[in-house]
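Asker: Full structure from sequences and hints, please.
Those sequence lines, one after another, are chains A and B. Heads up, the final residue of the first sequence is numbered 434 in this note's numbering, and it's a clean run with no missing numbers. Heads up, the final residue of the second sequence is numbered 256 in this note's numbering, and it's a clean run with no missing numbers.
Per the computed footprint, the stretches of chain A lying under chain B, defined by three or more beta-carbons under 8 Å from a beta-carbon of chain B, are: (1) 321 to 329; (2) 335 to 346.
To give a feel for the contact side, a few chain A residues facing chain B, derived at Cβ under 10 Å: (3) K247; (4) P315; (5) S317; (6) I318.
Each computed DSSO-like pair below joins lysine-lysine, with the alpha-carbon atoms no more than 27 Å apart: (7) K21/B <-> K247/A; (8) K135/B <-> K103/B; (9) K329/A <-> K103/B; (10) K120/B <-> K329/A; (11) K97/B <-> K329/A; (12) K53/A <-> K159/A.
Rather than coming from a laboratory, the hints here were simulated on the basis of the structure. Positions of the beta carbon are idealized from the N, C-alpha and C atoms, including for glycine.
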Amino acid sequence: MRKGDVCHTTPMRRDIGLRQRYRAEMRFRAYGITAISIGMFFLGVLLWSVFSKGYSAFWQTSLTLNIRFDAAIIDPKNIRDHDSQVLFTANYPLLVRNALAEKLGVPSDDHLALHEVSHMFSSSVRVQLRDLVLGHPQLIGGIQKVTFLASADIDSAFKKQINLAGSETRRKISNRQIEWMHRLSADGSLHRAFNTGLFTLTASNRPETSGLGVALVGSLYMMLIVLVLSLPIGVAAAVYLEEYTHKNRFTDLVEVNINNLASVPSIVFGLLGLAVFVNFFGLPRSTSIVGGLVLTLMTLPTIIIATRSALRAVPPSIRSAALGIGASKTQTVFHHVLPLAVPGIMTGTIIGLAHALGETAPLLLIGMVAFVANYPITPMDPATALPVQIYMWANEAERAFVERTSGAIIVLLVFLILMNIASIVLRRRFERRW
Amino acid sequence: MNPRLKIKMCGSNVKVFYAQKEILHGIHLDIPENRVTALIGPSGCGKSTFLRCLNRMNDTIEGARVTGQILLDEEDIYDPSVDVVELRSRVGMVFQKPNPFPKSIYENVAYGPRIHGLAKSRVDLDEIIEQSLLKAGLFHEVKDRLHDAGTSLSGGQQQRLCIARAIAVRPEVILMDEPCSALDPIATARIEELIDDLRRNYTITIVTHSMQQAARVSQFTAMFHMGNLVEVGTTKTIFTSPGEQRTQDYITGRFG
Ligand SMILES: Nc1ncnc2c1ncn2[C@@H]1O[C@H](COP(=O)(O)OP(=O)(O)O)[C@@H](O)[C@H]1O
Ligand SMILES: [Mg+2]
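Answerer: Structure (structure tokens):
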């Protein structure tokens, strides 16, 4: 073909509004990024404020001292062989005070100074030393190295949470105590240790001896009750509604009611639980069984809705395939449809449980906001729950409770994050294509 | 129709309603044993609907209602005494889109025999599976990976797996609803060969959109139009000298 045979003309470029379209896209991206940034900012502020206040709750100031178990103080009349009561009522804090005073060189007639010394350590030493002596009576008369908690004020001061520079009269800790604190810290008697008590101790009016033990056990019991009840009931209800009923006025009514139930405020469930489980069935107040039942009612709609949508997401071709080779309805559901819906059901269940774990209002109504000093042995014993414990500590004024409140929030958040990660992992792991 | 042929299934005055709307207007159709009967006709004329009547898959569609009579070996399949599970084990179905279970190839084929208790032992079951895959022309391609997912096969292989799954239940009739519409020409050719082989042991009814396919695989052809059976006869007659103008127009591609 020779040059010039073909006529090269560039066709006119049409204006099809490309520029506006790109601009609209850019604009929309900008909106999206702004929205996400705002969300992330507030999340960051929330996490920062909780963690900055709460991380110190995981450390507790402790003292390690050689303590002389002076028989003259524990059992002055030497009657312990026939009256063991004396070991229960002995003045154990005095042993600690004497040991500390000796270490600090405080003369035994300076009563004011001795008084300040005894405010350096937690009064929980009474129980701690009593249990030690009851377990090992041979300690009496000897010397033993013991680690015990510092008082909440020393703890706050040592963590630099109270301003030590200002006037002595305006703070709870004297200059002399500060000086002692530094001396003890210099020789290693006063130190920071991981605060296992935060997880194991129970309710107490002294911050350094209060912990989440009861709340953790209570929450665990309630989660188990919710799981054991709402998973089978919810799945059975959803399978029935989705696979076995024909659409009619009755199922419409049930459907509307389940959706309504899911949006009922949680406090209403609390009132319902109080009326039904406590007043009508006579279950004991403040117990994890009642809390678990109330939370089950709240979680059921979530699980039913999640299960139904998981069942609906199973392609109809799978059902036809099974029915087409002569599987019965029940075989089709249980051999094929339900197994394929399991990841969706599990995700829904975990999200429901996470909601239940963080729920506070209904538990307040059924009296789980109680001062529980003993571990609940069964779900029928009084207990509290993690969020309720946070609520109770948040109402305390002392500085050491503020840090514990944030510490408890961190514990709760860690549980919730773990549960959400679990649901994401499950979804990824079992995601199927067909 | 050839009087020596045994009639395997026989529909008389079959009407289907979807929520009061009449879709099929009284179909009379005989399906001869060990032959392939093709159902042809334009989209939406009710071929699939009729096919689903033959194994009562319409029962699973909400709001569907079937009247009239369909006999399988002289027995009315809509009679209350007939169990639909048993019926479907005698009348198998292969669907338009390959739909293997998201399980292994082995499990896909084993499922039917297992729920119907057809295998006495593990060896028995292995035998059924091998035979079914052989008949479906798939065995040699998958014998080394029976435990791979059925969904990992190609589209044509998946469809043959579905045929093997249907065969494994040892049905008497196999219904196929456009089994090749999602497949490429080579896979289609394999399935067509397969259908021809299967005819010896099974009665086959196939819905197809392709006139060539109907001509290649079937011995009898039924032409549907707007919920009516226009005409039925040997495939040869229908394609060479149809009695109805509508059939003539459809197979020559003037509508549909
Ligand atoms: N589940 C259903 N509900 C209501 N109408 C349906 C349903 N399935 C099919 N139909 C209608 O029935 C008619 C026949 O459909 P079908 O048998 O699928 O036709 P085809 O011959 O293309 O296979 C169509 O008009 C279709 O819209
Ligand atoms: Mg169709």
